[in-house]
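Listed below, chain by chain, are the residues.
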Amino acid sequence: MFSQVREITLMNIRNLPSRVGSSSVIVVGIAGVVAVLVGLLSMAVGFDAALKGAGKPDRAIIMREGTSSEMNGNMTPEQRAIIKAMPEVELGSGETYVVAAIKKAGTDIDANVVVRGVEQTAFDIRDEVQIVSGRGFEPGKAEIIVGVAAAGQFEGLSVGSFLPVRDRDWQVVGHFTAGGTALEGEIWGDLDTVNSTFRRGGISSTMRIRVAGEAEARSLDRKLQDDPRFDLMVKPETEFYASQSEQRTALINGFGLSVGIIMAIGAIFAALNTMYSAVSTRTVEIATLRALGFGNVPVVVSVMTEALFLALLGGSLGAGLVWLVFDGYSASTLNQASFSQVAFDFAVTSELLTMGLSWAIGLGIIGGLFPAIRAARLPITTALRGE
Amino acid sequence: MTAAVVCRGLEKTYVKGREQVPVLTGINLEIEQGDFLALMGPSGSGKTTLLNLIGGLDHPTGGEIEVEGQSLGGMSNKALARWRSENVGFIFQFYNLLPVLNAQRNVELPLLLTKLSRKQRQANAETALEIVGLADRARHKPGELSGGQQQRVAIARALVADPRLMVCDEPTGDLDRDTADEILELLQMLNADHGKTIIMVTHDPRAADHAKRTLHMDKGKLVTAGALA
Ligand SMILES: Nc1ncnc2c1ncn2[C@@H]1O[C@H](COP(=O)(O)OP(=O)(O)O)[C@@H](O)[C@H]1O
Ligand SMILES: [Mg+2]
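Going down the list, the sequences are from chains V and H. Under this note's numbering, think of the first position of the first sequence as 1, with each following residue one higher. Under this note's numbering, think of the first position of the second sequence as 1, with each following residue one higher.
Just so you know, these hints were derived from the structure itself, not from any lab. All values derive from a computational prediction rather than experimental measurement. Hints are supplied without guarantee of correctness; some may be wrong.
If you only want the chain H side, here are some residues facing chain V, beta carbon under 7 Å, derived [unchecked claim]:
| # | residue |
| --- | --- |
| 1 | Y14 |
| 2 | V15 |
| 3 | E19 |
| 4 | V21 |
| 5 | V23 |
| 6 | N52 |
| 7 | H59 |
| 8 | A81 |
| 9 | R84 |
| 10 | P110 |
| 11 | L112 |
| 12 | Q122 |
| 13 | V223 |
Quick partial rundown of chain H residues pointing at chain V, CB under 8 Å, derived from the structure [claimed, not checked]:
| # | residue |
| --- | --- |
| 14 | K16 |
| 15 | F90 |
| 16 | L116 |
Don't be surprised by glycine CBs; every beta carbon is placed ideally from N, CA and C.
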């Protein structure tokens, strides 16, 4: 039985080159499905990684109760001083989070970029932030540093250039990296400078703190909630970024899957069509084999193998293409909650590649099974007539 | 020795949608071992249908059929497939060779269903090609052979598992006069020298002349002597 199956299958596969034209429909169709699916989902994975990577368990954000955006909130210098003195808080940086519109590189379109005013302690709290060219800004001066992703995406942010914001000109004095996280898409300046440019007085929107761990962050949260002087909550960074990421990832995942499913339906029809015609041009051949005494199993297996072979070829082509073109490709997305660009890399992971190939296999099975069953069911005498 | 083929009241009715199409209406027939029988008759008279029943390719809808001592009536498709591979060689009008395989591999195909080793399969296929006079074309694909040569390869394929019975449906229907004669002489040789029982459906009275006897069919019935009462 095994040798029958093998011989007939090998024969079919050897037969493939003579049908390149009609078989390529399956290959290209399935390559398309897998490419789109893996491409879109790699975007979600990359976005997720960019946001989640930014969160550390020993850091927390203090924001106005009930908000989900860093933009909202008014913390006075007095409130910040009280909090900094609390035993749970190892380090604290008041932060103002605003957006500015800057021209995107190579276009005439303005896009929003996050401008974050921070205290010098911010660099101790976020030790992943490293100046890679130029220097850090000096307190009180109209100086800014720019994340490398923002520097690449927007015009006029090279070190030494001046950026007009409101009625001031800020000087870019350095570029920084932040371990590949979304912070690399931001512009940072001194808290007082940003506050005065944006007429906020001493009021910061949030505060970033270093704590011992998530447990301490939670106990601080309870403490502030119970304190009538504050209308604030404390969220561990891990939790904060995870909730930020969730919405967007769900959106991209949902979009990726629906486009993938629509294309998959198309590909199934293409595969079915191709396999039906591949099988029908071989109706007499298959019937002859059955007349000679070959069973249904070799017939079904050989048709299925052929479909799977073509599907895997298409799947590898699609997944390989996406991997070559997109893996590590940088992109940015508009975060609707804060109207800012988040920079992230497409992450074509091995899980995604495996998933893409699984889809290809699934499509191959569906595309091969029905034609195979039909070929095996057709009465031999009818099939031999070749009608 | 049992007869090669015995049919008693054999019937075949096709169902087309709601319509019943009776194609064979009570065939009584006995064919001895070593016979070479030509089956003639107008188109649509049921010759192919009868040949297919004898070859175990289809189930009768009535009556009895016994071939090589085996009653085919109640057999499952799977059992029939196995039985065919051991007992019947098929020869078709359009040769039905597999275009991707060379002559040698085409002839070897039926042996994949046996327990023979690869070496034995090759040796037997070579022998079969020698018998049909095509040993020198073993590596040619069907597309590189003439019609007559392709039919010889098909005959070698029908021979290779050494069945006692060979059924041929218009084996010369696609060949010119001279080539047809060569094929018919080959069949005569297989009948005379190798003891094959041969049943051949044909339109051509000159082809039928090569057989030992001829039966005529019309509208699903045998119409000449040779049929049982
Ligand atoms: N699978 C089938 N379904 C329905 N009718 C069939 C089928 N096979 C053959 N027939 C009919 O049976 C009759 C006899 O066919 P056949 O045995 O091929 O005749 P012959 O070989 O003598 O020309 C024809 O009318 C043909 O249309
Ligand atoms: Mg016929």
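Review point. Looking at the structure, which of the earlier hints fail to hold?
Key: The structure conflicts with hints 1, 2, 3, 4, 5, 7, 12, 13, 14 and 16, although it agrees with all the remaining ones.
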